[in-house]
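A.B. asks: So the chains spell out like this:
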Amino acid sequence: MIRFLAPIIILAILVSFFFVGLYKDPSIVPSPLIGKSAPAYELPLLLKPGETLGTEKLLGQVYLLNIWGTWCFACRAEHDVLLEIERQNIVPIYGFNWKDDPHLARQWLAELGNPYVASMVDTVGRVGIDWGVYGAPETFLVDQNGIIIHKLIAPMSMQIWHEDFLPLIRQLKAVQR
Amino acid sequence: MKKMIAVLLLLPLVSFAVDNSEAMEDPELQARYETLTRELRCLVCQNTPISDSNAPLAQDLRRQVREMLLSGASDSEIYGFMTDRYGDFVLYRPPFVQRTWLLWLAPGILLLLGGTVLTRTIRQRAAMPIDDDDEDEEAIE
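Line by line, the protein sequences give chains R and G.
First residue of the first sequence: 1, per the numbering used here; consecutive thereafter.
First residue of the second sequence: 1001, per the numbering used here; consecutive thereafter.
This is chain R alone, in the form it adopts within the complex (with noise of 0.2 Å):
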């Protein structure tokens, strides 16, 4: 009986194995730095380029940081979202213009609006790496002391943004208060 049982048990076993397996994204890596602070760095504006930002002057605040380039198909696709969640007012969103040419960026945030309250550029990609950052468009939520909370590796929806983001977001401000 078990020679005929136990090879359907094991080919169930693996079948099982490669059934979740199916469901999942290889291309999502992820992040090493979730619960670890922010790396320290500082960058010049992409509409102010005399002007720096960067993690230090950032801290007291929970925002998010999504990395974009022009040349980024899906970083269109959400920008629509982003606007949104500007629009939202709840928390600001911060600008990583990543590997881009700036004069097309700036071209770019004029002709489809601004969510940003400012893009910080990074064209070498030095600060990128830093980041843990491998492909455009992704999103960190940042609290209040420089904790990287969560990050997102795919463009940003409204249903991520409420399912994912905002109750994390909730639970940040919550502690502040």
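Note that these hints are calculated values from the structure, not bench results.
There may be inaccurate statements among the hints.
Stated by the list, open to error - Where chain R lies over chain G, by a calculated footprint (3+ residues, C-beta under 8 Å):
1. 1028-1040
2. 1056-1063
3. 1066-1073
Unchecked claim - Using 20 Å as the maximum straight-line C-alpha spacing, the simulated SDA-like pairs for lysine to any residue come out as follows:
4. K99/R - V1044/G
5. K24/R - F1089/G
6. K99/R - N1054/G
7. K57/R - P39/R
8. K24/R - N1054/G
9. K173/R - K99/R
10. K57/R - V127/R
11. K99/R - Q1059/G
12. K36/R - R1063/G
13. K99/R - P1056/G
14. K151/R - T1083/G
15. K151/R - I34/R
16. K36/R - Y1079/G
17. K99/R - Y1079/G
18. K99/R - D1088/G
The beta-carbon is built from N, C-alpha and C at its ideal position, and this holds for glycine as well.
Based on these hints, arrange chain G on the given structure of chain R.
C.D. replies: Leaving out everything else, chain G in the frame of chain R:
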């Protein structure tokens, strides 16, 4: 025609260098650079090492490796730098940790299991009288 075929047959031998950066002056550093960039995964095109990828991120990471080598970083410091930012996934050789022990030990466990089953089956069969094993022949009789 024959010449053309010969040329076409040779074509696959032409290799196109992806990493066209200048070799480092110190051959020892260059050797380490080549090993490191082969051991680090390009996260954009996941099944290629950063040495074989033209993705902008792979170029950035190669530059990072080169700069760290030049500033005297050890191999483990460079791997550490990468895993701190991108996780163990950047390594083609996952470390032996709690999450991966089964992955590492599975081949040995399977070999042991298979070996045990095999020797047991062989012993059982060897102990059997030859005729008993063949049910079909019995049926024919």
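A.B. asks: Confirm or reject each hint.
C.D. replies: Evaluated hints:
1. 1028-1040: Violated: only 0 residues of the segment 1028-1040 of chain G have a Cβ under 8 Å from chain R.
2. 1056-1063: Held - the segment 1056-1063 of chain G has 4 residues with a Cβ nearer than 8 Å to chain R, which meets the minimum of three.
3. 1066-1073: Per the Cβ count (0), the hint is violated.
4. K99/R - V1044/G: Distance ~14 Å between K99/R and V1044/G Cα, so the pair holds.
5. K24/R - F1089/G: Between K24/R and F1089/G the Cα gap is close to 15 Å, so the pair holds against 20 Å.
6. K99/R - N1054/G: The hint holds at about 15 Å.
7. K57/R - P39/R: This hinted pair holds, its Cα atoms lying about 12 Å apart.
8. K24/R - N1054/G: violated (26 Å)
9. K173/R - K99/R: Violated - the C-alpha atoms of K99/R and K173/R are around 32 Å apart, more than 20 Å.
10. K57/R - V127/R: Status holds; Cα separation ~16 Å.
11. K99/R - Q1059/G: holds (12 Å)
12. K36/R - R1063/G: Judged against 20 Å, a Cα distance of about 25 Å means the pair is violated.
13. K99/R - P1056/G: holds (8 Å)
14. K151/R - T1083/G: holds (17 Å)
15. K151/R - I34/R: Within the cut-off at roughly 7 Å; holds.
16. K36/R - Y1079/G: Distance of about 19 Å is within 20 Å: holds.
17. K99/R - Y1079/G: violated (23 Å)
18. K99/R - D1088/G: At roughly 24 Å apart (the allowed maximum being 20 Å), D1088/G and K99/R break the hint.
Taken one by one, the earlier hints fail for this structure at numbers 1, 3, 8, 9, 12, 17 and 18, listed in ascending order.
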